[in-house]
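K.L.:
Make the full structure from the sequences, and use the hints.
There are 2 protein chains.
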Amino acid sequence: MAVQKPSLPKGTRDFGPLQMARRNFILDTIKDTFRLFGFQQIETPAMENLSTLTGKYGDEGDQLLFKILNSGDFIKDVKEEDIQGGSSKVLPKVAEKGLRYDLTVPFARYVVMNRNDISFPFKRFQIQPVWRADRPQRGRYREFYQCDADVVGTDSLVCELEILLMIKRVFGKLGITDYDIKINNRKILTGISEVIGEKGREGELCVAIDKLDKIGWEKVQEELTQRNFSPDSVLKLEPIISLSQNNADKLNFLKDFLKESETGLKGIAELEEVFDLLHKYGESEAHVDFDVVLARGLTYYTGAIFEVKVNNVTIGSVSGGGRYDNLTGVFGLDGVSGVGFSFGVDRLYDVMDELGIFPESNLEKTKALITHFDEKGFEYGLQILHKLRSAGIPSELFPETGKIKKQLTYADKKQIPFVIILGENEIQEGKVSLKNLNSGTQETVSIEKATEILINS
Amino acid sequence: MAVQKPSLPKGTRDFGPLQMARRNFILDTIKDTFRLFGFQQIETPAMENLSTLTGKYGDEGDQLLFKILNSGDFIKDVKEEDIQGGSSKVLPKVAEKGLRYDLTVPFARYVVMNRNDISFPFKRFQIQPVWRADRPQRGRYREFYQCDADVVGTDSLVCELEILLMIKRVFGKLGITDYDIKINNRKILTGISEVIGEKGREGELCVAIDKLDKIGWEKVQEELTQRNFSPDSVLKLEPIISLSQNNADKLNFLKDFLKESETGLKGIAELEEVFDLLHKYGESEAHVDFDVVLARGLTYYTGAIFEVKVNNVTIGSVSGGGRYDNLTGVFGLDGVSGVGFSFGVDRLYDVMDELGIFPESNLEKTKALITHFDEKGFEYGLQILHKLRSAGIPSELFPETGKIKKQLTYADKKQIPFVIILGENEIQEGKVSLKNLNSGTQETVSIEKATEILINS
Numbered sequence: 001m002a003v004q005k006p007s008l009p010k011g012t013r014d015f016g017p018l019q020m021a022r023r024n025f026i027l028d029t030i031k032d033t034f035r036l037f038g039f040q041q042i043e044t045p046a047m048e049n050l051s052t053l054t055g056k057y058g059d060e061g062d063q064l065l066f067k068i069l070n071s072g073d074f075i076k077d078v079k080e081e082d083i084q085g086g087s088s089k090v091l092p093k094v095a096e097k098g099l100r101y102d103l104t105v106p107f108a109r110y111v112v113m114n115r116n117d118i119s120f121p122f123k124r125f126q127i128q129p130v131w132r133a134d135r136p137q138r139g140r141y142r143e144f145y146q147c148d149a150d151v152v153g154t155d156s157l158v159c160e161l162e163i164l165l166m167i168k169r170v171f172g173k174l175g176i177t178d179y180d181i182k183i184n185n186r187k188i189l190t191g192i193s194e195v196i197g198e199k200g201r202e203g204e205l206c207v208a209i210d211k212l213d214k215i216g217w218e219k220v221q222e223e224l225t226q227r228n229f230s231p232d233s234v235l236k237l238e239p240i241i242s243l244s245q246n247n248a249d250k251l252n253f254l255k256d257f258l259k260e261s262e263t264g265l266k267g268i269a270e271l272e273e274v275f276d277l278l279h280k281y282g283e284s285e286a287h288v289d290f291d292v293v294l295a296r297g298l299t300y301y302t303g304a305i306f307e308v309k310v311n312n313v314t315i316g317s318v319s320g321g322g323r324y325d326n327l328t329g330v331f332g333l334d335g336v337s338g339v340g341f342s343f344g345v346d347r348l349y350d351v352m353d354e355l356g357i358f359p360e361s362n363l364e365k366t367k368a369l370i371t372h373f374d375e376k377g378f379e380y381g382l383q384i385l386h387k388l389r390s391a392g393i394p395s396e397l398f399p400e401t402g403k404i405k406k407q408l409t410y411a412d413k414k415q416i417p418f419v420i421i422l423g424e425n426e427i428q429e430g431k432v433s434l435k436n437l438n439s440g441t442q443e444t445v446s447i448e449k450a451t452e453i454l455i456n457s
Numbered sequence: 001m002a003v004q005k006p007s008l009p010k011g012t013r014d015f016g017p018l019q020m021a022r023r024n025f026i027l028d029t030i031k032d033t034f035r036l037f038g039f040q041q042i043e044t045p046a047m048e049n050l051s052t053l054t055g056k057y058g059d060e061g062d063q064l065l066f067k068i069l070n071s072g073d074f075i076k077d078v079k080e081e082d083i084q085g086g087s088s089k090v091l092p093k094v095a096e097k098g099l100r101y102d103l104t105v106p107f108a109r110y111v112v113m114n115r116n117d118i119s120f121p122f123k124r125f126q127i128q129p130v131w132r133a134d135r136p137q138r139g140r141y142r143e144f145y146q147c148d149a150d151v152v153g154t155d156s157l158v159c160e161l162e163i164l165l166m167i168k169r170v171f172g173k174l175g176i177t178d179y180d181i182k183i184n185n186r187k188i189l190t191g192i193s194e195v196i197g198e199k200g201r202e203g204e205l206c207v208a209i210d211k212l213d214k215i216g217w218e219k220v221q222e223e224l225t226q227r228n229f230s231p232d233s234v235l236k237l238e239p240i241i242s243l244s245q246n247n248a249d250k251l252n253f254l255k256d257f258l259k260e261s262e263t264g265l266k267g268i269a270e271l272e273e274v275f276d277l278l279h280k281y282g283e284s285e286a287h288v289d290f291d292v293v294l295a296r297g298l299t300y301y302t303g304a305i306f307e308v309k310v311n312n313v314t315i316g317s318v319s320g321g322g323r324y325d326n327l328t329g330v331f332g333l334d335g336v337s338g339v340g341f342s343f344g345v346d347r348l349y350d351v352m353d354e355l356g357i358f359p360e361s362n363l364e365k366t367k368a369l370i371t372h373f374d375e376k377g378f379e380y381g382l383q384i385l386h387k388l389r390s391a392g393i394p395s396e397l398f399p400e401t402g403k404i405k406k407q408l409t410y411a412d413k414k415q416i417p418f419v420i421i422l423g424e425n426e427i428q429e430g431k432v433s434l435k436n437l438n439s440g441t442q443e444t445v446s447i448e449k450a451t452e453i454l455i456n457s
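Protein chains in written order, with our numbering: chain A, 1 to 457; chain B, 1 to 457.
Just so you know, these hints were derived from the structure itself, not from any lab. Just to be clear, a hint being listed does not mean it is correct.
A pair holds if it fits inside one copy or across any two, identical chains being indistinguishable in the list.
The list that follows gives simulated cross-link-like pairs (lysine-lysine, BS3-like), each with its CA atoms no further than 27 Å apart [unchecked claim]:
1. 449 / 280
2. 406 / 255
3. 168 / 367
4. 93 / 79
P.N.:
Here is the structure:
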């Protein structure tokens, strides 16, 4: 057989040991938090029927779905003349399944199929890869993890509170300190477009003001004008754009601004209640920022909208979510409303890497390598190994006797912080020499003492 | 849009909260063990190039690969006349990628692509789903997890020792007590076929004796005769078949039986050394059973062969592995030998379910639900919630005030063991009523006391 030089499909990645340890640090932090807040994990299959996926993500999304060729003689129903009809004519005859594009549609399907067994309100989390046939580019992959938490089956604003609390806990545990949780409410945006005289046009309004950060107010004005917003409307919008007070003052300002819009005032009331719940829980408003121009596409949010932005890094926006009214209507089950949030794991990884804040010494790794010079040391090492592992210390015995340099190189490359050295003296005295590879210090101690040092370091 | 009744693709499954909690119990036990033994996690993409996958699993395996339709206008290179050529003619023009079929080939690819960065011996583990277009049936799915650990880059039999130790630890922690780790060595099988006069035919020999458990010795003899093994050879095999002594006696018997076969004696010596290492480590031979008829397909094993069988359950064989000589030759890198082992997660799940030994009270779940009768109780509950979570207790506040029965039903369905009840008196005294839903007992205590009880239960 000809030898092949293997490669990876475009837009996909391997994760090596160090990357995995770092990713697990992020994911474990998020999972712990979800569980502390009473969320339960589910998993759905990588493959879904195309009938489940198609039409849920717009035309562009349908294009970006990875389709799976039917197994067996997949071409049997295709006629020669079908070829002229092109891919869209042939597709339904050769593929029935596709790869998961996000976690929301599979979750909706899951809720519908299991509605009789689920106890609502249902707090679920799900952490799995998704696939999109996007053009790969820096920071955008064809396979990436999503990490979603949703509560469905209740309108209680406690859910919005808990999203704020979970974000604060996760970012705190990750060691990210300079970040903002931007929060807004769809009803406020609806209200704004009402009071500026462009009722029902909040969609267009949001597309334009969503770009405020990137292109500035002047360009946003131009875009609004192009979209036929009247000069008067644009002028009325001006005070909203430049709001920079604290949350309470902004809410007060908006209460006046939106006084003619019932929907707008409802949005303000909801937001005020979320802040009120935050105070009653005993948590401060630190990091929480009411951002009246936050829109996030707005395709299906009906209440709260969230986005987390890390300051002073290349890619700031790392997470987002919001409240929606009808998760499962497309599958025939109406009235399932909820609120969800998604942590962007890949982006959090990049942010932490850029900030250099991975706690390298706390990542999963072997704590001690037992080295030896000869058969006798090797045998003694087996006993030490047993004791260390019984004490729960991740440890290894270098599997081959021989050159000590090779053993030390192994420890170094694997970033193992301690080496145990077993020479003639150690064996005779029933002790071990424990060397800290970071500090360079070495001491000869009893096995019990070594165990204690390793556990506490 | 027409409403669809959603369904799952054939042979795939959702995992709900209880199943996930149980699966995580198994997977966390295995992961902990791998890490304690110095194995490092990697992950590879779900999709691989078909050039990486094809030809690695035999013709049948190639058929069972799920192929991914090229994105965009996938049909553009297909000519009308290609249709007559059938699926095999069309396939290379419409699909370049396939889904991972196992974790071994992606691992081999990973080793080849990262050989300059890996520090050998490389101890890796990998836990990810794989996909096979098998005909679905009870216990066989089209998507299932594999859970592999391999050490490559050393011939040391310490690796074989560690596989035995890891199996013992995992099964012990899972609470599975009645099981056997069967161990054999390819070289012993080679030796046996030599000394019975059928040199080089150990492949056929093994296919036949692999069935001994299922069809019995008589039928195995028939099969060997059909395969043209001489009556004399079959007769010589007889004493091997019925060996039922302890490991040491079996090894001694075989040492004599194989005295004319250098390879056979090498196999015995390797196995003896593994037992010797086990003793030196200070671990007993309990559960470890030298099984001279264990073959496991034998396609690429060159040394030790392992299989774990749980006794007195429907599907006994739950895990297996062995030593191989050339993991990466097909990708142009020779000389990478190693030994690997795979835990069958789905089968372990079924076994534990059948035995009824999931530690339900230790599974991930919310520990306390805070219930309330009115707005005042709800507000007080927010403060309690904050305290419980700060103490690391997974807890929830029912998000809506109202009927207490609804709140208790929620706790019951979610199997939450404790309920905190906040009535007029509790609020006034700054206490809580803590009810244990399993025992039915209820007591009114301080928040600190409740926290303590919850932490310790």
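K.L.:
With reference to the structure, classify each hint as holding or not holding.
P.N.:
Comparing the hints with the structure gives:
no.: 1; hint: 449 / 280; result: between (48 Å within a copy, 22 Å between copies)
no.: 2; hint: 406 / 255; result: neither (71 Å within a copy, 36 Å between copies)
no.: 3; hint: 168 / 367; result: between (31 Å within a copy, 22 Å between copies)
no.: 4; hint: 93 / 79; result: both (10 Å within a copy, 16 Å between copies)
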